[in-house]
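Asker: Got chain A sorted already, so can you dock chain Z onto it with the hints?
Protein chains: 2
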Amino acid sequence: MRKIIFATKNGGKFREVKKLFDSTDIELISLNDFDNIPDIDENGNTFIENATIKAMEIYKLFKRPVIADDSGLSVEALNGAPGVVSARYAGKDASDKENNYKLLKELEKFEEPYKAKFICASVYYNGKELISACGEMHGKIIKEASGGNGFGYDPLFVPNGYDLTNGELELSEKNKISHRAKAFNKLIKKII
Amino acid sequence: MRKIIFATKNGGKFREVKKLFDSTDIELISLNDFDNIPDIDENGNTFIENATIKAMEIYKLFKRPVIADDSGLSVEALNGAPGVVSARYAGKDASDKENNYKLLKELEKFEEPYKAKFICASVYYNGKELISACGEMHGKIIKEASGGNGFGYDPLFVPNGYDLTNGELELSEKNKISHRAKAFNKLIKKII
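Protein sequences appear in the order of chains A and Z. Per the working numbering, the very first residue in the first sequence carries number 1; after that it's consecutive. Per the working numbering, the very first residue in the second sequence carries number 1; after that it's consecutive.
Rather than coming from a laboratory, the hints here were simulated on the basis of the structure. Each residue gets a CB set at the ideal place from its N, CA and C atoms; glycine is no exception. Please note: incorrect hints may appear among the correct ones.
Stated by the list, open to error - So the derived label-pair ranges between C-beta atoms look like this:
(1) A/161 <-> Z/32: 45 to 53 Å
(2) Z/161 <-> A/27: 20 to 28 Å
(3) A/164 <-> Z/25: 22 to 30 Å
(4) A/108 <-> Z/2: 19 to 27 Å
(5) Z/172 <-> A/43: 24 to 32 Å
(6) A/80 <-> Z/2: 19 to 27 Å
(7) A/85 <-> Z/111: 54 to 62 Å
Next comes chain A alone, as it looks inside the complex (with noise of 0.2 Å):
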């Protein structure tokens, strides 16, 4: 087995990106097996300049090979907040719970449908070649939070297509459809 670090600490994400590589000669490890991991800035612009300073930061600190993703949620009403600071929304260490009280009411003074993707980025760093992949997963916000599987915004966004909320969808639903899966399933080709 190739060990690859995967550059996370949310163990939800880690999750779900690990049963993907399922599949593969690939063990992802996770940034809580390490200790004094420094917090990373992730001051880019875009998904993938977060995902690709996340990747480096990592790289630096152990000199093997990381994927790192930045994902997050896109509304059209909001002209595509909250972007890049979707984990952040309503502030610093917001827990997905304030983020999604602010979501919605920032989208009170809006009709619905709230037409909304999520977006991925993925970025695989060795040191020498930097590899990356995108993917969406179109939908809409809906006023109800609903189901707890998943993390972020996914109890308020339901995929096209289907009547239930990402959160409440079964992982092996939602690995199916995700953003995060078609980025990561795209990345995992281009690297075995």
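Answerer: Below, chain Z alone, put in the same frame as chain A:
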């Protein structure tokens, strides 16, 4: 023609790379065609990191597709130096001549042949996708500078299989074998 900004102010490098795009539908635009381009802090640890930093910074300014590269010389006896600081080996804003002088000074205590390679990392970035490709050219450093073509360490570098320095080779010949040509030819295949 698609227009892509090539993130370099180095005229020699621009000419060299522009030639490689001759047979494509891509027209390269030089940074020298724009005013007030700030200096970019190339603080990466590797060629690919510096190329990526450059591409992202220039993309931020123009929001248009960018290619960038970073390259340098890696000398075996010097454990890979000058490496990422090739262009400023003798100090910030050092001339090619000063860098060449310093290289020969550092090599004085070693015996010939001075095995070396040029390495180039190239990157394409359009705000969504990041694509990279690398190339190497192997050869040796000689003690007597020769030839006025090219730039950087070219007058001191003799590629394997040649009796001439890079500084003596015609651009058309250099573009068949150079690290930069290899990197950009690979990159071109990925982006056309």
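Asker: Could you run down the list of hints and mark each one as holding or not?
Answerer: A quick look at each hint next to the structure:
1. A/161 <-> Z/32: 45 to 53 Å: With Cβ atoms ~50 Å apart, the hint holds.
2. Z/161 <-> A/27: 20 to 28 Å: violated, 41 Å
3. A/164 <-> Z/25: 22 to 30 Å: violated, 45 Å
4. A/108 <-> Z/2: 19 to 27 Å: Violated: the Cβ-Cβ distance is about 42 Å, outside 19 to 27 Å.
5. Z/172 <-> A/43: 24 to 32 Å: Because 43 Å falls outside the window, the suggested range is violated.
6. A/80 <-> Z/2: 19 to 27 Å: Distance hint for residue 80 of chain A, residue 2 of chain Z holds at roughly 25 Å.
7. A/85 <-> Z/111: 54 to 62 Å: holds, 57 Å
Hint compliance for this structure: hints 2, 3, 4 and 5 are not met, and every other hint is.
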